[in-house]
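Residue numbers (this note's numbering), protein chains in the order written: chain E, 1157 to 1598; chain G, 60 to 380.
No wet-lab data here; the hints were simulated from the structure.
The beta carbon of each residue, even a glycine, is placed where N, CA and C say it ideally should be.
Each hint should be verified, as a subset may be incorrect.
[As the list claims (entries may be wrong)] Partial list, computed: chain G residues near chain E (C-beta under 7 Å):
1) ALA119
2) LEU122
3) GLU126
4) ASP139
5) LYS144
6) SER145
7) VAL149
8) PRO151
9) TYR173
10) LEU175
11) ALA178
12) PHE346
[Stated by the list, open to error] Using 30 Å as the maximum straight-line C-alpha spacing, the simulated DSSO-like pairs for lysine-lysine come out as follows:
13) LYS86/G / LYS1427/E
14) LYS1209/E / LYS1158/E
15) LYS1595/E / LYS1427/E
16) LYS1427/E / LYS1510/E
17) LYS1249/E / LYS1510/E
18) LYS250/G / LYS1427/E
19) LYS250/G / LYS221/G
20) LYS1209/E / LYS1288/E
21) LYS221/G / LYS1158/E
22) LYS86/G / LYS1507/E
23) LYS250/G / LYS1595/E
24) LYS1510/E / LYS86/G
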Amino acid sequence: MKILDIAFKDMLRSFRSMFALVFMFGIPLLMTGMFYVMFGNIASSGFNLPKTKVIIANLDEGGPRFQVSAKNIPGGKQARTMGELVVNVLQSKEMADLIQVSLAPSAESAHAAVDGQAAQVAIVIPADFSKKFADPDKQAVIEFYQDPTLTIGPSIIRSILNRFMDGMAGVKIAINVFMDEAPESDYYLTGDIIQRYLDISLVQTEDLAGTLLDEQAPTATPPSSQTSGSSASHSQTSQNMLLRIVGPIMGGMMVFYAFFTGTSTAQSILKEEEERTLPRLFTTPTPQAVILTGKFLSVFLTVLVQVVVLLLAGRLIFRIQWGALMSVTLAAAGIILTASSFGIFINSMLKSTKQGGAVFGGVLTMTGMLGMISIFAMNSPSAARLGNTVSLLVPQGWAIRGLLQAMNGAPVVDVGLTTLVMLVLSAAFFVIGVWRFNKRYA
Amino acid sequence: MNSEQTMNTNHIAIQVTNLHRAFGEIKAVQGVSFDVQPGEIFGLLGPNGAGKTTTISMLATLLRPDEGDAFVMGHSIRRDPMAVKSVLGVVPQEIALYEDLSARENLTFWGKMYGLRGARLRQRVNEVLELIGLSDRANGRVGTFSGGMKRRVNIGVALLHKPQVIYMDEPTAGIDPQSRRNILDSVVSLKNQGMTVLYTTHYMEEAQELCNHIAIMDHGRVIACGTHEELVRLVGEQTRIDLTLNVEAGRVLETWRAAEGVSRVSTENGQITVLVEDSNAVLPRLFEAATRLSARITSVDIREPNLEAVFLHLTGRALRD
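Extracted from the complex, chain G is given alone in its bound form (with noise of 0.2 Å):
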């Protein structure tokens, strides 16, 4: 059984089936599986409280699924979790150094832990002080860092090993627009290297740009998985428009539902949200209408499809909620 199971999966990086963890009361994970490839950058999208993180440290074998199982690079992470360590590097969402050694001294000790010694750990320590761009600064001590550069130091220790298999998880978070760049640059090197990177963001900007396959959990559960195309003709590709009213919208709402090409409307904090197959089209329906009841249109945003629109296509709410 295990090596039918160890030999399905060679070809996949990453294989989810059927995770389930709870907390108490609260079931965190419900059900998760996907898989991903060997070189691609999977994303797990979602709001906060989606799962996210608990489904990426049962990966990272942090914590034990109550049920399911999955395999990174053909290891169980119930049966063989010590094999799935050593093939993994994991970038977790919070700052884990020690702010009182140096960038050179965190790396070497992680290192250290990674299997790695003498030579080998030098050039390596080296090799990623070169990558996060911080030789120069290799001796300071991390807690005199700024937050990009701690992010940096944080995804470096993560490659040290050069691991096969990469999480990360929301990277990102809390940080300045140009660290930020910063790190999905490096993410796309990463791929580009060969690894396989496994990406949790509540960012669906970060999501679009830079995953092969997205899985959008919410409540515990993926409620959908693959590409961003794929993903984005779930909603018919259909464009969102986002509009406010100088009055109160409800008989307004109610003509623009009639209106031809009009597949969705939903209201939220006083702004209106309307999925149309073709904005040019259906936007002077929209106006006119809004006249002849005598609503002014006081603001208008047009978007074209993407993850955002499919997360309320799916829930009914939108992702940053």
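Looking at chain E on its own, in the form it has when it is part of the complex (with noise of 0.2 Å):
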């Protein structure tokens, strides 16, 4: 009982402290509300990404016939040549939502309207695109020109490029082995395998844009709701690119303060001893064990009513999807014992609450910005892999890594793996924090 005591008791002092309420919930939600208007009206349900301005230069000759069936090409569309079918797909009604298409003549015309701002991205499709592509022992390229001073527009068409171009390699791919495998023949059958491998490719990639920005919008409503083929809405994908930047930003900041919190509120014990109320609890019949533990209680229940605050905030004002209610249950469970036991362990390091400032400014900042490395590589292949490593060496890492597998929607038992990794990191920071103010009080 005089646990739990202890545990309001500090719990009443943190709530009533307007420091602590701001670093614990106005922070954060001041933070993601700066990223959420920054990219969208909070205002209004839809979220207006400006459209970006393609222009395409499409010079492709043709090669081998073939000849792809409008029901499966976004927009409805035939399409003769490769360079054809990649125009009819930015050209699709999917895609109006985002990309603004214009044709030229020529690479060069292409080039001058990025140069003039007429456009802001310039596709320029080879003469030999087709070729290249029905010849296993070439690669067709496609020229991608940007205005260099723009990132997110040409950000997601080159996206959207290379998740097509992915899927065309698949197909030669396949036409490859064919070719390797299949006599001779049966080689006059080679444009109808391309047929029926873009057939395939094309309708497993069907609603393009849909998918893509699915895939790229984890924090969005359920999927059921997107993939609905051409009825994805403007507003709805328009909120999932969104979302897709606010909820890891919500979920890094809610890590991030979430450890601020576990170490300031563990700091009450330094404050205590400093301001004499911890010897007088010692004078009182109360064993030492009972007010230690009083007071790690209290760490650990502030930090659950912040997170679970932050959750509710972020589903509620920002329409974040945490992730399955197992899920994000076990990924906020590590979020609340790391950060508190993380706590513990940094206050038992000190030696007084003087020391504490430097560690706020430091250890904590630099843990938590290594930990949140992960969010800000998340749209740079090449950098996330480094990103995911390096954020793994400190807790909030872990942390972040579980809230983001949830968000993604990964299986429950990837999460629980990630959690049980922070609940060993806890383990250990909570052994050693107590035994040290064990040790000191002793």
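Dock chain to chain to rebuild the complex, using the hints, since each chain is given by itself in its own frame.
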């Protein structure tokens, strides 16, 4: 009972502190809100990412004859060449919300349009694009020319093109395998093979824009409402893009400030020592273990309240989809345990609250930023791998990993494994922290 | 052995036997022993650094003695600290309260720590608020209180569970005279209610006014212990005369030391202190001797025997040094 009395007393003190409230709830929500407003209009239901102006110079002269059926091309067009297929895909209805496509007669005029800021991206499909695509020894390449001052719009186009080209590369591999394995007498079937694999590939990437956007927006509302083919609405896909940015940021902020809360709440042990209330507590008929357990419990409960409130606020204010209940519960439990035990551990290393300033400014900021690298690097495939590795060097990285896994709909087992790592870290931090505090007050 | 010790100490509220405590090379307490009778106010008097707070910290089980033991209401501070804590109320030297909680919230929390619950807790909180005169400010945050009000809450916390023994460690340090008066009155009131009070102070006047028995501490040792009268008798009931001269004291001191009725002469920072049996008889001789040596006495302060004189007598230093 006394454990709860001590814990509730500490929580009462924490939640009465305007400074603590601002750090626990105000700043994470404010930061997320800033990003939300930066990338969208919170007042309206739609997030209007400006359309990217793309100019395409399709110089493709064609290659082996193939015909892609209209039903398999977004936009319902037929394509006689690979270049035409690219143009059709980018001109599809699903892309219209994001891309405004115009055609240029030559590469020079396309470049000139970007240089003159009439377009943001120029795509030049070379004359031998289809031929090279059909040639197993050659690589079909599209030239991508962009306004270097822009990032988001061109990166979306690049992402779509990459995905499309990856799909086409798969088709090409299939053809190569056919050419290697099939007898020469069957070579006349090549056109049909191309057609068939293109069909399969395009069917698989039906509603290419919607699929891409959906994959890139895991924080959005459930996929079933997204992948309804051509019905995907502009506001919905825009909202997905917004949440794709805001969701991980909110998660990162939550983890970052949960660790701050864990450390600052655990600092109440040192603060009480300096205020002489801790020695006074030791003069009451209350065992030291009960006093310290009450203090530790308050740290845990305070972080628990913070994380739950931020999860709910993120859902209600920013409509962030944190993931399946079980996954997000596991991830949140990991965050709460790691943040609170890390706070106890850090404070057990301190001699006084005066040292706390350096810890807050240094250790927590450094480890917090390292942990968030995985979020910063998320949109850059080359940096993401390094970012993920580096971030796992600190407990915040594991906390963010668990949360992102839940948000990305990873299997519960995967989230559970990450949570298990956090539990091990928590146990280590807690045991060391408790041992040091017990030794200190023995 | 234990039962024998408990039996022996049953009629003594606090029995302290040969307590030692060192902090590294510094021997803070060296063989302190004294007994405190139930229902009395026992004073630990001494200058800052004398070892009073270390002694009281050991008696409150906050510090473990290196050597020796003490029994509080028959419970050993070494073997049964939890029992000691349950009969004890401690008023620490510093204000030890939660400034962001109200007076009532503070008292309620501390009451719970002493094991009070429910209606009994609410009743005691109200009684203590009444006792310390803060019923009308019960819901005010302690951080907004004056120093004196905080001191009163600080004392109130120790009274919640109606302890048999209260330790008060310099409870009047740094407060205004009115609050000080209130606290001294409340200490007497506690004694009248039958509580045993162990009171540490470096204010000689407080010890003189409040305490039935006083232990004078210096450099971690008890250098004298007894009632006020017994301690004063140590200096032979001598009167202390503080004087200043308009010239260098040198030869005047020699003459005064030799004067009839003078038992001791010392000087410090230009002030001469003379201990005498009868100031009425000796003072004219001091004036006469000074005049003979062409010195003029520029101030005279006569003090009847008190604890200050005892401390001076025992240590050669003033208590406030």
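For this session: List in ascending order the numbers of the hints, as given earlier, that are violated by the structure.
Result: 2, 3, 4, 10, 11, 12, 14, 17, 18, 23
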